[in-house]
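> Protein chains in written order, with my numbering: chain E, 1 to 302; chain H, 1 to 68.
Heads up, some of the hints might be wrong.
Stated by the list, open to error - Mimicking DMTMM-like on lysine to aspartate or glutamate, the simulated pairs with C-alpha atoms at most 25 Å apart in a straight line are:
| id | chain 1 | residue 1 | chain 2 | residue 2 |
| --- | --- | --- | --- | --- |
| 1 | E | Lys85 | H | Glu40 |
| 2 | E | Lys85 | E | Asp18 |
| 3 | H | Lys36 | E | Asp18 |
| 4 | H | Lys36 | E | Asp94 |
| 5 | E | Lys24 | H | Glu40 |
| 6 | H | Lys25 | E | Asp94 |
| 7 | H | Lys25 | E | Asp15 |
| 8 | H | Lys36 | E | Asp15 |
| 9 | E | Lys85 | H | Glu30 |
| 10 | E | Lys141 | E | Glu75 |
| 11 | E | Lys24 | E | Asp77 |
| 12 | E | Lys24 | E | Glu75 |
Said to hold, decoys possible - Using C-beta positions, here's what the derived DEER-type ranges look like:
| id | chain 1 | residue 1 | chain 2 | residue 2 | range |
| --- | --- | --- | --- | --- | --- |
| 13 | H | Ile61 | E | Val103 | 46 to 52 Å |
| 14 | E | Leu226 | H | Trp47 | 45 to 51 Å |
| 15 | H | Ile54 | E | Glu275 | 34 to 40 Å |
| 16 | E | Ser198 | H | Ser27 | 46 to 52 Å |
| 17 | E | Leu99 | H | Ala51 | 22 to 28 Å |
| 18 | H | Ser27 | E | His100 | 27 to 33 Å |
| 19 | E | Pro25 | H | Trp47 | 48 to 54 Å |
| 20 | E | Ser198 | H | Phe57 | 48 to 54 Å |
| 21 | E | Glu75 | H | Phe57 | 39 to 45 Å |
| 22 | H | Trp47 | E | Glu275 | 17 to 23 Å |
| 23 | H | Phe57 | E | Leu301 | 31 to 37 Å |
| 24 | H | Ile54 | E | Ala171 | 28 to 34 Å |
| 25 | H | Ala51 | E | Lys278 | 37 to 43 Å |
| 26 | H | Leu49 | E | Ile257 | 45 to 51 Å |
To be clear, the hints were calculated from the coordinates, so they are not data collected in a lab. All values reported here derive from a predicted model rather than from experimental measurement. Even for Gly, the Cβ is constructed at its ideal location relative to N, Cα and C.
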Amino acid sequence: MPTLEMANPAALPADWRDFVALTKPRVMSLVVFSGLCGLLVAPVQLPLVLSFTAILCIALGAGACGALNQWYEVEVDAKMRRTAKRPLPAGRMDRQTALHFGVGLGAFSVLLMGLATNWLAAAMLAASILFYVLVYTVWLKPRTAQNIVIGGAAGAFPPLIGWVAATGHFATLPVLLFAIIFLWTPPHFWALSLFVRSDYAAAGIPMLPVVAGFESTRRQILIYSLPMAAASVAPWPLGLTGPIYGACAAVLSLVFIVLACRVATNRATEPKDMEAEKHLFAYSVFYLFALFTVLVADRFLA
Amino acid sequence: MTIEDEHKGSMSQGRWAPPVYRWPKMSDGELEMIRKRQRERARITAWLLGAFVILFFLITIAKTGMNW
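Pulled out of the complex, with its shape left as it was, chain H reads as follows:
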């Protein structure tokens, strides 16, 4: 059975077997690269979110001061 067949699910002894997901085989280097990029993106997302929270706070103060 190929990985693609397993993803679709299959009939076994008259009962439907749920699909089985298997990660494609990856080397340690590839896994390390994925983890590194995920860490980088998580760090940047956190900084951006923090910056936008501060920005929204400042916008609120500025608009309140302008009495719009």
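Only chain E is shown next, with the shape it has when bound in the complex:
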């Protein structure tokens, strides 16, 4: 792509790649995957085109969340190395464009979900977008160290939405999937925030390591890992899945707890010495992918 030095790059029409970056595609991939799993494990199979549309709507909704999050946090993003190169803080796009894009994408995704599947799924998609933007981004994130704990609910919606899109009603299994992601979010984000603590501190975001310190955060990572493991295994004894899922969930969760124990016993304060935290963060992403893959495999093998 040719580059050109301009006095005000935001005066240019934004590049389409910046719109893609605004939707946080990497976060979207996990959201789409968990939504797809919720859809696939549902007892009702939708026609392929409606399943595709439901997943597309979940992806667009997640993209809207990303765009509105970046629109609101442009000043905070500019202060953090990890986020300073995003389209808004880097000045490649003006804020109003991001706002219009986010609102438009969110409204379109909800409308399309309602038309293609059912309005309960559309209402839940709308609720998850509003929860992420208003409750998490605007209210909790700049105010409390518990931001991730409560805000994690927004990221836990997709499997529930996928299930409801297929069936039109709630059930125990998707609620458990919601609980798994809800309880997985704090250890996942706190592991990350331990080794990028200085970034959050510089931006004035009260993440747990900034407010409560390293030791307390590491202890809480372990504490949250235990109910997360219980929620992960729970579908098996409740008779909602088969033994393949139960065995895999137990092994995956055990490894998660072992890594969380390593983090809990680590005393490092410098990011270069935080191998345990980096391992847990990387494993936590794999854990969720593996757990949900096994869930779908178990459903089809059974």
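Here the structure of chain E is known, so what remains is to put chain H in place on it, guided by the hints.
Just chain H now, with coordinates in the frame of chain E:
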């Protein structure tokens, strides 16, 4: 008179003169970059619109088949 003053409009010989908009001066390279991005966005918008028309058509067929 600055560009900003012209944007507000002005009084001339007792009559209000409408604001005059002037594009900020741009080099050929900048103008070419703007045109290139507009072309790219127009092309992508056209593809997306086409894809959504087809998607709506397929959704209609699927929902009609399901008799919802």
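> Within 45 to 51 Å or not, the Cβ separation of H:Leu49 and E:Ile257?
Since the Cβ atoms of H:Leu49 and E:Ile257 sit about 50 Å apart, the hinted range of 45 to 51 Å holds.
> Within 25 Å, alpha carbon to alpha carbon, are E:Lys85 and H:Glu30?
Cα-Cα ~22 Å, so holds.
> Please test the hint of 34 to 40 Å on the beta carbon pair from H:Ile54 and E:Glu275.
violated (49 Å)
> Is E:Lys24 close enough to E:Glu75, meaning Cα to Cα at most 25 Å?
Between E:Lys24 and E:Glu75 the Cα gap is close to 17 Å, so the pair holds against 25 Å.
> Taking only the CA atoms, is the gap from E:Lys85 to H:Glu40 under or equal to 25 Å?
holds (22 Å)
> Has the given pair, E:Lys85 with E:Asp18, been kept, meaning a C-alpha gap of at most 25 Å?
holds (11 Å)
> Are the Cα positions of H:Lys25 and E:Asp15 separated by 25 Å at most?
holds (21 Å)
> The hint says 22 to 28 Å between E:Leu99 and H:Ala51; measuring C-beta to C-beta, is that right?
holds (25 Å)
> When you check the alpha-carbon spacing of E:Lys24 and E:Asp77, does it fall within 25 Å?
With a Cα-Cα distance of about 13 Å, the restraint between E:Lys24 and E:Asp77 holds, given a limit of 25 Å.
> Just to be careful, I want the Cα atoms of H:Lys25 and E:Asp94 compared with a cutoff of 25 Å; is the pair within it?
Distance of about 20 Å is within 25 Å: holds.
> State, for the Cβ atoms of E:Ser198 and H:Phe57, whether the hinted interval 48 to 54 Å holds or is violated.
holds (52 Å)
> Taken at face value, is the distance from the CA of E:Glu75 to the CA of E:Lys141 at most 25 Å?
This hinted pair holds, its Cα atoms lying about 14 Å apart.
In summary, the numbered hints that this structure violates are 13, 15, 16, 19, 22.
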